Amino acid sequence: MSSSPVAGPAATGPSSGPDTGPAGRPAPDRPRGPGRHGRRVRPVSAGARRGPRRKAARYWPQYLAISPYYLLFSVFMLFPVLYTVYLAFQKWDGIGDMQFVGFQQFRFLWDDPVFWLSVRNTLVIWVLSTVPMLLLALVLAVLVNSTKRLTAFYRIALFIPSITSLVAIAIFFGAVFSNNFGLINAILKSVHLSAVPWMSNEWTIKLVIAALMTWQWTGYNAIIYLAGLQAIPSEIYEAAKMDGAGPARILVSITIPMLRPIILFTVVISTVTGLQSFTEPQVLFGSEASTNPNSGGPGQAGLTTLLYFYHQAFDNNDFGYGAAIVWAFFLLILLIVTINWRLVQRKERRP
Amino acid sequence: MDLSRRRFLQAAVLTAAAAGATAACGGGAETSGGKDKDLTLWYWSGGLSDKVVADARKHFSSDISLKTSMVGGDFKTKLLTGLRAAQSAPDITGIKGEDIASFLPNADRFIDLKTVGADKLVPQYLSWKLKQATSQDGKLIGFPIDIGPCAMYYREDLFAKAGLPTDPAEVSSQLSTWDDYFQAGVELHKALPKTFLINNIGAVFSMIIGQGTQRFIDEDNKFIGDQDHIRAAWTTSVKPYTLGIDAKINDNTWNAAVSGGTLGTELGAAWHALDITNAAPGTKGKWRVAGLPSGPSNLGGSFLALPATCGNPEEAFKIISWILSPENQARGFTDAALFPTAPAAYKLPALTGGDPFFGGQKTIEIFGPAAEKIPSVYEAPADAAVSAPFFSELTSVEAKGKDPDAAWKDAVSQAKQIAQRQGVK
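For the record, the sequence lines run as chains A and B.
Those letters in the first sequence? Residues 1 to 351, by this note's numbering.
Those letters in the second sequence? Residues 352 to 776, by this note's numbering.
Be careful, since some hints might not be right.
[Said to hold, decoys possible] Chain A regions said to be covered by chain B (calculated; three or more residues, Cβ under 8 Å): (1) 83–89; (2) 110–116; (3) 154–160; (4) 174–187; (5) 221–234.
Simulated from the structure, these hints should not be mistaken for laboratory data.
Given the structure is predicted, the values throughout are model-derived calculations rather than measurements.
Quick reminder that beta carbons are idealized off the backbone N, C-alpha and C, glycines included.
Take the sequences, apply the hints, and build the full model.
Right, here's the structure in full:
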């Protein structure tokens with residue numbers, strides 16, 4: 001919005017800096033320039049004393065223009081986040097009186113086998129989904145990048161799963177993998193293989209959830225990789241081809257090293273989102289049941305940490321314990337993101 | 352251009368301010384003198400008969416303008432949020448049966464209905480159901496909309512093929528204990544290998560708990576989930592699993608199982624008839640209803656309550672008692688499968704007719720007597736939370752083949768932990 005540094009001096013030429021007097025004065029041939037703005041500018045030295053505050057006052061329309069986001073963010077994100085810190089030290093049923101309990105909720109957490117089970121489930125589902133997802137996304141991006149036809153179609157096709165309703169996908173996957181009447185088992189039976197109890201075995205439950213997440217987010221990551229691929233100068237590829245490198249060699253020696261910052265980004269993002277799986281198991285395993293809702297399916301194999309949090313807070317009305325769960329889990333996510341970051345960064349420093 | 356930008360911003364600020372002011376004014380306009388003429392009613396889709404609610408609006412229109420909101424999603428969470436601010440709280444609200452116990456410790460957030468006229472009506476309604484909405488110091492915070500008296504639904508055609516009794520009266524008398532019922536299941540499964548007796552053992556467990564006079568926590572707020580009555584319920588529930596007559600359905604394949612004849616019987620509340628009808632319309636006429644083995648049990652059934660901030664409690668309770676009068680409850684049964692809480696309604700034509708889905712059987716002959724014989728039981732606020740591990744471990748037995756005794760030990764130790772967290776002794 002404040003256009004003087006770009007439009008003003010560069011076009012008029014002679015002036016020495018963006019904030020000096022003459023450049024700001026409205027020139028007769030450019031009536032739409034930063035005119036009003038110019039009247040108020042002072043030499044840099046004069047304004048330096050009360051600089052920041054004056055600037056804030058001067059740019060109020062700009063601050064006002066970006067304020068809605070920050071207002072919404074504070075009310076709907078920042079305040080609730082800070083409030084959960086407070087809640088984690090209370091015992092509260094949602095409407096009654098709060099009772100300060102110190103670190104008791106965290107002590108309960110430490111001794112709660114179901115919490116640790118949920119953390120294990122979450123990590124297993126995350127590994128099962130993220131690793132194939134990112135590998136597949138990279139391969140898809142390279143393939144789409146090398147095609148000349150229908151590129152728009154491929155890009156849209158890759159992007160659609162990520163904007164599809166998660167609940168709809170979960171219901172669909174539930175039907176496809178259903179034990180007795182699912183599509184997959186029907187196919188298995190038709191080729192005389194025995195049906196797999198997808199939705200009741202401890203491991204296949206995780207596999208189904210991971211498959212769902214992979215299906216939804218592979219295309220999204222492929223699009224990001226594709227953008228990264230297009231930023232790699234084609235000269236490098238041409239040079240590599242001249243030197244006799246095959247497609248596999250090019251992928252390993254050029255594409256992946258050049259994409260490293262993008263890969264780092266996708267790893268961090270998919271760690272953060274992949275560890276927060278909630279809707280998938282919630283929809284797959286009867287959240288509507290009046291007895292024992294949101295339990296994560298047979299053997300609690302699909303009980304992710306966020307689902308456990310939801311169950312404690314909103315089914316059991318134990319909001320303090322719920323807050324303790326999410327904060328403990330936040331620390332865990334932070335730890336894993338840091339480890340990932342270090343892993344990918346270290347590789348970058350090696351050459 | 353410059354000026355118009357400034358004007359644009361000014362306009363934007365003004366619009367935002369105006370919107371804020373209107374929103375702020377919206378809430379508290381009509382509360383004058385404690386006698387509110389505008390009352391709001393919150394319920395969920397299917398929670399009340401929409402026709403009865405529409406008639407209530409007309410019936411009271413001279414004194415009261417009744418505004419109804421069908422609240423979707425997680426009703427309890429929205430109600431909890433609404434109750435925290437007087438402006439956003441409804442004047443009349445539904446409370447689901449599984450949530451009522453958790454509201455009892457905060458009974459002061461609601462109006463004691465006995466103070467606004469419920470005391471005279473109490474004898475007409477089922478006492479065990481009223482007890483669910485009565486706090487330990489005797490306040491009645493909810494008036495019962497419906498109940499879920501449980502019965503055993505069975506496939507008459509499959510029973511006939513297996514050589515079992517088919518007449519509801521005979522089935523009720525011959526399969527009167529859990530062991531008789533499981534024995535019949537073994538015969539059924541032997542004759543029809545694709546057919547199982549029950550969908551999962553958690554269903555049996557919840558029925559047996561409902562038949563008892565004690566649950567997981569007693570009146571003194573002590574954990575009793577490790578005692579004999581729960582252990583016996585557990586042992587009985589595991590039997591169909593060991594006998595191989597358990598279909599082990601814990602996912603979304605129940606619909607297909609019901610319509611495909613995988614399930615020979617279903618244990619469920621009166622409203623469960625609607626689930627079966629919807630899931631398996633092709634089995635019309637093949638189902639019958641018999642008494643639940645070992646006596647009646649209840650599953651679900653909601654309430655109407657008045658939050659303490661209600662603008663006009665006397666009129667609001669008049670609306671409640673009108674909507675829940677025996678005659679209107681009978682309409683609710685026809686309209687939304689809400690089983691009446693006033694036994695007087697059981698004699699009305701809406702309930703005494705035969706149901707074609709059950710081959711013309713008069714199902715009230717099973718549900719009516721069951722409803723009046725359901726045991727009265729204390730359900731603690733933390734009861735649902737504490738019982739959850741038992742159900743989870745039963746699914747572990749079914750899904751992973753976990754040893755039932757090991758599962759019992761794990762369930763008890765987890766339940767004890769939850770009890771501790773919830774402040775149960």
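Claimed coverage, the region 110–116 of chain A by chain B - three or more beta carbons nearer than 8 Å:
That given contact holds, which follows from 4 residues of the region 110–116 of chain A lying within Cβ reach (below 8 Å) of chain B.
Coverage assertion for the region 83–89 of chain A with respect to chain B, Cβ distance below 8 Å, three residues required
It is violated: at least three residues are needed, and the region 83–89 of chain A offers just 0 whose Cβ sits closer than 8 Å to chain B.
Residues of the region 174–187 of chain A with Cβ under 8 Å from chain B, three needed, outcome
With 7 residues close enough to chain B, the hint holds.
Residue count check for the region 154–160 of chain A against chain B: does it reach three with CB-CB under 8 Å?
violated (count 0)
Tell me whether the statement that chain B covers the region 221–234 of chain A is true, taking a Cβ distance below 8 Å and needing three residues at minimum.
With 0 residues closer than 8 Å to chain B, the region 221–234 of chain A misses the three-residue bar; violated.
In summary, the numbered hints that this structure violates are 1, 3, 5.
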